[in-house]
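**Q** Sequence:
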Amino acid sequence: IENEVINNDEVEKKEILPEIKEFTQLPNFNDCENTKAKLKSFVNFVTPIVAYENKKILLDRQQLLKIMKKQTLDSSDSLWLKEKTTYYKIKSTKFNDLVLAELLKRIDIIPVEVVLAQAAIESNWGTSAFATKYNNLFGTRTSSKKNGIIPKKRAKSETYRVAAYRTVNESIRSYLRNINTHKAYAEFRNNRAKLRMHNKPLDGLLLADYL
Numbered sequence: 074i075e076n077e078v079i080n081n082d083e084v085e086k087k088e089i090l091p092e093i094k095e096f097t098q099l100p101n102f103n104d105c106e107n108t109k110a111k112l113k114s115f116v117n118f119v120t121p122i123v124a125y126e127n128k129k130i131l132l133d134r135q136q137l138l139k140i141m142k143k144q145t146l147d148s149s150d151s152l153w154l155k156e157k158t159t160y161y162k163i164k165s166t167k168f169n170d171l172v173l174a175e176l177l178k179r180i181d182i183i184p185v186e187v188v189l190a191q192a193a194i195e196s197n198w199g200t201s202a203f204a205t206k207y208n209n210l211f212g213t214r215t216s217s218k219k220n221g222i223i224p225k226k227r228a229k230s231e232t233y234r235v236a237a238y239r240t241v242n243e244s245i246r247s248y249l250r251n252i253n254t255h256k257a258y259a260e261f262r263n264n265r266a267k268l269r270m271h272n273k274p275l276d277g278l279l280l281a282d283y284l
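Residue numbering for the sequence shown follows the numbering used here, starting at 74 and increasing by one per position.
What the hints contain is simulated information worked out from the structure, not anything from laboratory work. Treat the hints loosely; a few may be bogus.
[Claimed, not checked] Pairs of lysine-lysine, DSS-like flavour, derived with a Cα cap of 27 Å:
id	residue 1	residue 2
1	K178	K273
2	K128	K139
3	K164	K143
4	K256	K157
5	K157	K139
6	K178	K206
7	K162	K129
8	K178	K128
9	K128	K162
10	K218	K164
[Said to hold, decoys possible] Across the chosen pairs, the derived CB separations fall in these ranges:
id	residue 1	residue 2	range
11	N251	H271	23 to 29 Å
12	I194	N169	37 to 43 Å
13	K167	A202	42 to 48 Å
14	K206	N251	17 to 23 Å
15	N251	D170	22 to 28 Å
16	T145	N251	30 to 36 Å
17	L90	L146	35 to 41 Å
18	N263	T97	18 to 24 Å
19	V172	H271	22 to 28 Å
20	L152	N197	40 to 46 Å
21	N197	N251	40 to 46 Å
22	T145	H271	25 to 31 Å
23	D147	K206	45 to 51 Å
24	S165	K143	15 to 21 Å
Built from N, CA and C at the ideal position, the CB exists for glycine as well.
Kindly produce the complete structure, drawing on both the sequences and the hints.
**A** As structure tokens, then:
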């Protein structure tokens with residue numbers, strides 16, 4: 074794992090990425106002149122946001138790999154690890170090899186084509202009510218009673234809500250975190266880690282089989 078190589082074209086060399094605009098709503102893709110233009114417009118809008126969020130993840134991954142090579146951790150390392158284990162939902166106060174290995178498995182990108190495909194399917198190419206009204210591109214659910222919308226077709230026995238996001242970017246960040254933390258996607262993460270271990274590219278078609 075420590076010998077893993079991240080390709081130079083995967084992440085910018087700068088340690089700090091420039092800020093990207095937070096979009097408070099989607100464009101009206103139905104205004105496009107035809108279906109082909111609509112699909113192209115959707116892809117062109119979503120792709121840069123996904124690429125940016127993936128680059129942020131890769132920078133964190135590089136930082137973790139550096140930490141894993143150290144013999145001892147300083148206070149800034151410990152603080153960073155505490156922040157990341159919390160964000161990636163790892164319940165541990167110790168940063169032993171097992172915890173760091175699991176964190177490395179979670180701090181990684183989702184291929185852009187996979188994100189685009191799921192966003193397109195779940196949001197009907199950015200035109201569904203949840204997408205246009207609440208910036209939810211993936212039909213993401215929430216158990217929160219404060220943040221969310223009750224779907225009209227929800228069964229009486231169900232209690233979930235559909236999440237509402239302040240920005241489109243937030244919806245994409247939430248999706249990436251969900252794939253990288255939820256137990257339902259453990260097989261996806263395990264197979265992605267195998268590709269990394271052998272320094273192979275993250276094949277979106279291959280990994281999509283595990284979602």
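**Q** Hint by hint, note whether the structure agrees.
**A** Hint-by-hint comparison with the structure:
no.: 1; hint: K178 <-> K273; verdict: holds, 15 Å
no.: 2; hint: K128 <-> K139; verdict: holds, 17 Å
no.: 3; hint: K164 <-> K143; verdict: holds, 22 Å
no.: 4; hint: K256 <-> K157; verdict: holds, 17 Å
no.: 5; hint: K157 <-> K139; verdict: holds, 14 Å
no.: 6; hint: K178 <-> K206; verdict: violated, 34 Å
no.: 7; hint: K162 <-> K129; verdict: holds, 18 Å
no.: 8; hint: K178 <-> K128; verdict: holds, 16 Å
no.: 9; hint: K128 <-> K162; verdict: holds, 20 Å
no.: 10; hint: K218 <-> K164; verdict: holds, 24 Å
no.: 11; hint: N251 <-> H271: 23 to 29 Å; verdict: holds, 26 Å
no.: 12; hint: I194 <-> N169: 37 to 43 Å; verdict: holds, 39 Å
no.: 13; hint: K167 <-> A202: 42 to 48 Å; verdict: holds, 45 Å
no.: 14; hint: K206 <-> N251: 17 to 23 Å; verdict: holds, 20 Å
no.: 15; hint: N251 <-> D170: 22 to 28 Å; verdict: holds, 26 Å
no.: 16; hint: T145 <-> N251: 30 to 36 Å; verdict: holds, 34 Å
no.: 17; hint: L90 <-> L146: 35 to 41 Å; verdict: violated, 25 Å
no.: 18; hint: N263 <-> T97: 18 to 24 Å; verdict: violated, 36 Å
no.: 19; hint: V172 <-> H271: 22 to 28 Å; verdict: holds, 23 Å
no.: 20; hint: L152 <-> N197: 40 to 46 Å; verdict: holds, 43 Å
no.: 21; hint: N197 <-> N251: 40 to 46 Å; verdict: violated, 20 Å
no.: 22; hint: T145 <-> H271: 25 to 31 Å; verdict: holds, 30 Å
no.: 23; hint: D147 <-> K206: 45 to 51 Å; verdict: holds, 47 Å
no.: 24; hint: S165 <-> K143: 15 to 21 Å; verdict: holds, 18 Å
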